[in-house]
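Peer 1: The chain contents come next:
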Amino acid sequence: MLKQPAFFIDMSSCSGCKTCMVSCMDKNDLPIGVKWRRVTEFTGGEWMQRPDGTFGQNVFAYYVSMSCNHCDDPICVKVCPTTAMHRNEHNIVTVDHNKCVGCRYCEMNCPYSAPQFNAELGKMTKCDFCYDKQLKGETPTCVAACPMRAIKFGEFEELKKMYGESQYIAPLPNPALTKPRLTMIPSRNAKPGGSTEGMQSNPEEV
Amino acid sequence: MPLLHEWSLVLFTALAQVAVGIVLVGECLLHAAQDAAVRTNIRRQSPIAFALFVVAVLISLGHTGSPLNSFNTIRNIGSSWLSREIGMLCLTGIVFLWLAFMRMKEQEQAQEKTAAGLVVVFGVLLVVTMSQVYRLPVAPVWDSCVSFLAFFGTMFITGALWQAVVVSKSEDGEKFGTLLLVMAFVGLILAAASAPLGVPVVSADMKPATVLGPASFVASKLALRMVLTGLGVGILALTLVRATQNCRKCAYAPLLAFILALTGELLGRSMFYFAYARIGM
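Chains A and B supply the protein sequences, listed in that same order.
Under our numbering, the residue at position 171 of the first sequence is numbered 171, and the numbers go up by one with no gaps.
Under our numbering, the residue at position 196 of the second sequence is numbered 196, and the numbers go up by one with no gaps.
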């Protein structure tokens, strides 16, 4: 088992097919509306007049696959009134259902929408990094399912050496907020964090 | 937009603040009141305010998925403002119960002042912790003094108008008029200062504008809220002027003022929750 498990996302390879999202829902038997992994589409662009009077466009779109980043400074753990949200012995942020009151305050605070309310259980649920599979030496479901091999996982320090620190790109929040254990290769179209050049499209899909 | 967005939180926060406001304003009036009948009337409001407080707490459970786990909610007082709020709710509830028991008796009790003082102090601290619960760095509209201003505004306005209904029945009720009006105006100023802060500013790393609704829609509802609350305080002021002229038609005016102001505050609170927009995904 890894000491500090972390995700790596290659946004330049992600095609937005949502296989990671669907495989996660299937593996964890999640009800409709509860998504531990989501793929968001960030789009923008407009018509632009060229010097010769003709028009062109600068339309762009890219995908961001996101689940819980098991942050180094997890805001959900800090704000949870019951201490149900905690970091377990494998350094994975998870929910103790014996304590959770289902108040949804963690959901209100997490800028990655990682904690998801399961109305059937009346409790919060979230990505547990498939630690049942990891304990058996297997790969997390989303990593195994990705047809583009855009999601990887590994030891955070090693991933950081290979790909650098988490970056502040739209529509992700500033990593200084929660210190996510996330490394990435941004899309070539990626806009800087807080950019007003685009917006999250098709919200009904995620 | 539903009539009461996040209805359980709207009713819980507003009713708890009304209950604290009734005791806070009531204690100020008791300090000045000499007439036995007036004092009895004001004392009788404490058990009613406690009942309102209990109703507010029960309604708050409507926001939880597993209310049976509620006893766990004071485990994280060290770092969670929500846990601190629930802790203050428990402390306030205990002293409130003590005060309500004493004030159900006809004779004034020796320890009443201590109990009332504790309810006021814990109650004000409760409203402070309630405000802090919504001061989230990930929600720019809330990450300001908007909750503090709005919550204290509700407490002063509704507390003053409730007690205006109570003392207006007494012969010399108008002598408290200035005190009640000052408190109601302080509340109105706080509420008015909070209103523009509650208008969401939609940026790219928030939810799309279609989720929030246009800012003009939010602004019009906030304006309606201020009109209702302002009418409530205005009617109180008018009643006090007319009272000096022995106006019999003014008998129900304080009640109307309270209902208008409470409606305005509930609408404002609903808009407060509606304005929630978080950065990120």
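Source of the hints: derived by calculation from the structure; they are not laboratory data.
What you are looking at is a predicted structure, and each value in this text was computed from that prediction instead of being measured.
A virtual CB, placed ideally from N, CA and C, is assigned to each residue, including glycine.
Any given hint might turn out to be false.
Straight line, CA to CA, 35 Å or less: simulated DSBU-like cross-link-like pairs of lysine-lysine [unchecked claim]:
hint, chain 1, residue 1, chain 2, residue 2
1, A, K35, B, K169
2, A, K152, A, K3
3, A, K136, A, K3
4, A, K35, A, K136
5, A, K191, A, K3
6, A, K78, B, K221
Here are a few chain A residues that sit away from chain B, every Cβ distance over 12 Å (derived from the structure) [what the hints assert, rightly or not]:
hint, residue
7, K3
8, G16
9, M25
10, R50
11, C100
12, V101
13, N109
14, Y112
15, K133
16, Q134
17, E157
18, M162
19, E165
20, P173
Reference excerpt, derived from the structure (chain B facing chain A, CB under 7 Å, subset only) [as the list claims (entries may be wrong)]:
hint, residue
21, S66
22, N69
23, N76
24, S80
25, Q111
26, T114
27, V124
28, I279
Peer 1: Please write out, lowest number first, the hints stated earlier that are contradicted by the structure.
Peer 2: 1, 11, 12, 13, 14, 20, 25, 26, 27
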